[in-house]
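Chain order of the listed sequences is A and B. Quick note on our numbering: the first sequence kicks off at 1 and runs consecutively. Quick note on our numbering: the second sequence kicks off at 1 and runs consecutively.
By construction, these hints were calculated from the structure, which means they are not laboratory data. Just so you know, even glycine gets a beta-carbon here, dropped at the ideal spot from N, CA and C. Mixed in with the good hints there might be a few duds.
[Stated by the list, open to error] Derived coverage of chain B by chain A (criterion: at least 3 residues anywhere in the stretch with Cβ under 8 Å from a Cβ of chain A; other residues may be distant): (1) 69–77; (2) 86–94; (3) 106–118; (4) 186–195; (5) 207–221.
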Amino acid sequence: MTPIRHGTRFWRQGEPLVWATGGTLAFVLLSTVLLIGVVLVHGLGVFWPSPVAEITLADGTRFHGQQVQTETHPGTGGVSVQFKTANRELDPQRLDFRWVAQEALHRLDYPADVMVVERLENGSFFGCLERVDAAGLDLPADVPVLEQLVAALTAVRSERAARIAPLAAQIQTLNRELQRVQDTLLRLRYRRQRSVEQPDAAADANATCDAAIARAAARQQELQARSDELGAEQRAVAAALRQATAVFRLPSGDTHNVAVADMVRVWQPNAMSVWAKCRHYAAKVWELLSDEPRESNTEGGLFPAIFGTVMLVFLMAITCFPLGVVAGVYLGEYAREGPLVKTVRIAVNNLAGVPSIVYGIFGLGFFVYGIGRLLDEWFYPHLVEANKMVFGTGGLLWASLTLGLLTVPVVIVSTEEAIRTIPQGVRASSLALGATKFQTLVRVLLPMSSPGIMTGFILAMARAAGEVAPLMITGVVKLAPTLPVDTQFPYFHPDRKFMHLGFHIFDIGFQSPNVEASKPMVFVTTFLLVLIVLVMSSVAIYLRNSMRRRFQSRDI
Amino acid sequence: MKMPWMIADEKTTNMSPSHAEQATAAAAARAELPAPIARVHDLRLFYGATEALHGIVMDFPRHQVTSLIGPSGCGKSTLLRCLNRMNDLIDDVRTTGQILMDGQDITDPAVDVIELRRRVGMVFQRPTPFPKSIYENVAYGLRIAGVRDRATLDEVVESSLQRAALWDEVKDRLGESAMGLSGGQHQRLCIARAIAVNPEIILMDEPCSALDPRSTARIEELISALRGQYTIIIVTHNMQQAARVSNFTAFLYEGTLIEFGATTQVFTTPRKKETEDYITGRFG
């Protein structure tokens, strides 16, 4: 027997394979961790109040800025620093970011009194507070300016709550009433037009209809006038509130006025303690989760998008889950194996590989233009006449049905697999006790296959939550004025357009006019979407594991 | 699984007796039998074009334990499955001949299989507890038959588990999942489940082949205890087991009934050479 050389033994024992498999897994893990890490690092830091520097350049120019990032020029090796300078309206090109070469930087100071103002418009503002001009407001005179500003903010807010909020509520009620009247008017006009086409219609019926139309039109005008009046009043009050301004001194020596009514919140990052920064951070996160977006989605909250995403996945699950399970059960349990069933199986597997945009186009053609238009013609003929669509345009319902169609193959395949892996003896035992095939299915096979079905469901859900392309043509919008669920009858409006986190990422990341300003929000939104998918999957996995414990034995 | 002796040409080996011979053997056995519960008459079964049972004629005695023995592939399980029409589940299976129970031919397509399977219960080779609690496993047959009355269910579950000698082990955890029991307990649970619907016949298809010797002994005790209340037909590969638990034994070979008689007679003074060869271990 010849002795085995050291090297060959290494190969013969299969060590390289173990290394290869382990290495591949490590690679996959690493890329996942890297992706999540990048999102976390960029996303979590967005709301932390970073210090604002007073920057003096070599040429004597002075401005405020937050350092964002540094970049080395690949050719020259020169380093540039990017600052967020805010004060968009003061820049000739309306930019709030600025690149400065490292050599050009003369000095950086961090004065404690630099204030960051988050505004309703034009992004943030950096400056040193000088005084508050609020003649109309009753402010304490002999206190520091900062306290004056805080008092002014509180006063403006309470004024707004007392005077503008009731007006807005009134306008909203009026608008709803107006909508109803307009709907009635359209209905009446449609009926009248139909009766013109039918010559034998009773003349007095037409007269009644005409009278009703006239009444409704009068009511509409009246409401419209009242609404316009209230709107003007609201604008006047808002303009009056904008009279109160805060005067800021800029490093260049100029001063600038900012209306107190435009301010969302103010803080002095250089003077804040860690505890104050934490409170600020928590407040911003709460705003993100609960508020509506502002400033073309680059500021404010994401609540409508979060709500839309969860709602979409929920509706998707309700539609695709029963469909997929029932189809999978038929394929796995009832269908007799043959060329037809084989073809169907291949077709279902292939469906899972169709590009999602194709599903989107199908959804648009079939659900929106097909079923949606048909529903409109049946239930809202008067609106179709006026070229207004209810179901005949993209909406939450159609988007979720499209996603359901997209994910149903995954559920079918996993259900079929789960049912087929149940030992034949279990079926035979149930049948031998006098059970019918259906009783066997419902009482034994489905419970036993439920963990496998759940696995498919988890995969389907994760895929649906991250899908954007098909939504873009079936009902997602950049900014939805209303949520799909509200207090108005019938409380749930699946025909409404909705917002979605995935689309939000695309929109603010690639469609925004101010890419730099929206970048932090892209990471935050991504983080939130990943978090939502994680939470939903965790709940589903928990359910699956408890089913496993219940329905699967330890030794079979 | 094909054994070398199975490849041998039937015509030259003279292993299969003629139909007439088989009938006389059956008639001889029939004379000693108590009132039969099921009478099989000239039963032939085809898998597609292949004939798997060649005109079986035999009577199963009431309230006795009958064992079916024979080498693998001889058709004993197929014969067993004819008695509750489980072969219906396999495509391309066709039978001719009759199986009479209470004067009714159960091979008739018009027979209500659901009803038949309630009268003829079955226990399989691998225990197949359902993913339910122990209680619900035993109550399954009654529940699907539409019994909802809690008192009836409680009573039947307890008596079935007692008869299956499982009650003492599980009475404190009836609500727990049946999946947590051991293999031997699983098989007794399956027997309890079959007893619960109160069948006339219990078919057992190698009930002990997946169990360890101790569990096997318990099942065998159980079969002996059930004799007299139920008609039990058991397929087994274990000759000692057939000798221990059954009163009657049928030996099948290549789809033909070779010999059928009282177990003591078949094992001590077999009438046929093939039977003797098989039980003495010369083949199979």
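A quick look at each hint next to the structure:
1. 69–77: violated (count 0)
2. 86–94: holds (count 3)
3. 106–118: holds (count 4)
4. 186–195: holds (count 3)
5. 207–221: Coverage by chain A is violated for the region 207–221 of chain B (0 residues, Cβ < 8 Å).
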